[in-house]
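Residue numbers for the sequence shown follow the UniProt record's numbering, so the first one is 1 and each next one is one higher.
Bear in mind the hints are in silico, worked out from the structure with no lab data behind them. Careful, some of the hints might be misleading.
[Stated by the list, open to error] Straight-line Cα separation of at most 30 Å, BS3-like style, residue types lysine-lysine; simulated pairs: (1) K251 x K188; (2) K172 x K241; (3) K202 x K136; (4) K250 x K17; (5) K241 x K219.
[Claimed, not checked] Label-pair ranges, simulated between beta-carbon atoms: (6) E49 x D220: 17 to 25 Å; (7) K188 x Y225: 34 to 42 Å; (8) E165 x H82: 45 to 53 Å; (9) Q140 x R115: 39 to 47 Å.
Note that the structure is predicted; figures quoted are calculated from it, not measured. Every residue gets a Cβ at the ideal spot worked out from N, C-alpha and C, and that includes glycine.
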Amino acid sequence: MNVSDYFWNASIEELKKGYIQKSDSYMCLLCGEKIEKGIIYTHEDVLYEAERYMRIHIEVTHLSVFEYLIGLDKKLTGITDHQNHLLRLFYQGKSDKEVQEETGVGSTSTIRHHRFALKEKERQAKTFLTMMELLKEKDQYAPAFIAPHKTARMVDDRYNITAEEQEEIIQKFFPEELNGSLRSFPPKEKQRLVILREVTKKLENERTYDEKELNHILKDIYEDYALIRRYLIEYGLIDRKVDGSRYWLKK
Numbered sequence: 001m002n003v004s005d006y007f008w009n010a011s012i013e014e015l016k017k018g019y020i021q022k023s024d025s026y027m028c029l030l031c032g033e034k035i036e037k038g039i040i041y042t043h044e045d046v047l048y049e050a051e052r053y054m055r056i057h058i059e060v061t062h063l064s065v066f067e068y069l070i071g072l073d074k075k076l077t078g079i080t081d082h083q084n085h086l087l088r089l090f091y092q093g094k095s096d097k098e099v100q101e102e103t104g105v106g107s108t109s110t111i112r113h114h115r116f117a118l119k120e121k122e123r124q125a126k127t128f129l130t131m132m133e134l135l136k137e138k139d140q141y142a143p144a145f146i147a148p149h150k151t152a153r154m155v156d157d158r159y160n161i162t163a164e165e166q167e168e169i170i171q172k173f174f175p176e177e178l179n180g181s182l183r184s185f186p187p188k189e190k191q192r193l194v195i196l197r198e199v200t201k202k203l204e205n206e207r208t209y210d211e212k213e214l215n216h217i218l219k220d221i222y223e224d225y226a227l228i229r230r231y232l233i234e235y236g237l238i239d240r241k242v243d244g245s246r247y248w249l250k251k
């Protein structure tokens with residue numbers, strides 16, 4: 001499984017922590033970083049065991065799990081831009097009066113109403129999650145959908161993909177006889193998403209590439225490597241420096 005799969009399959013308690021425990025390591029659900037068990041790690045001249053060091057990794061790299069989650073696309077969080085702003089201020093420990101003064105919205109009672117609305121959304125989410133968990137036990141015909149990657153720039157019908165559809169698309173455009181090369185670039189958005197995700201498997205998580213290195217890898221997959229590179233960026237699968245000098249996988 002990739003990082004997004006672990007993320008979406010994690011429990012609420014695991015998501016709150018930001019990491020999961022595996023047999024030999026702890027894995028960050030936000031970026032995929034692995035901290036091996038049984039090793040002592042150093043941070044600012046202090047020694048830490050593995051799990052504590054994983055919490056430090058989250059603080060240093062992501063600031064907090066809350067900061068990471070609130071930064072996800074609103075199609076993934078289900079909150080509006082206004083709710084996002086309010087949640088950030090509430091998380092900072094600001095009072096209703098302070099929030100009202102900073103946002104310039106209504107009065108303190110208006111902010112209190114927003115708190116109530118968010119609490120109502122929480123209750124609805126809990127009810128919905130419980131129903132979906134119960135549904136899993138009964139719905140034997142539910143297809144296995146492929147979860148969207150966390151860095152998706154826009155979640156829409158392109159992401160309505162089942163595991164079976166994904167396998168069919170991969171076999172169609174990456175036939176065995178072409179030995180890892182792309183037969184053609186798909187005309188449909190859904191097919192492109194599957195193929196671009198498959199292309200990212202050729203890139204290393206912890207590595208940055210200059211443009212020449214990336215082009216060399218992509219050219220082995222498809223002749224029009226510039227097209228593939230552009231779509232990888234457009235779909236939020238890779239990122240780059242403004243001048244295009246360095247590229248890396250987004251997590």
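Against the structure, the hints:
1. K251 x K188: Holds, at about 24 Å.
2. K172 x K241: violated, 33 Å
3. K202 x K136: violated, 34 Å
4. K250 x K17: Between K250 and K17 the Cα gap is close to 21 Å, so the pair holds against 30 Å.
5. K241 x K219: holds, 21 Å
6. E49 x D220: 17 to 25 Å: violated, 42 Å
7. K188 x Y225: 34 to 42 Å: violated, 21 Å
8. E165 x H82: 45 to 53 Å: violated, 36 Å
9. Q140 x R115: 39 to 47 Å: Since Q140 and R115 have Cβ atoms about 41 Å apart, the given range 39 to 47 Å holds.
The structure fails to meet hints 2, 3, 6, 7 and 8 from the earlier list, while all remaining hints are met.
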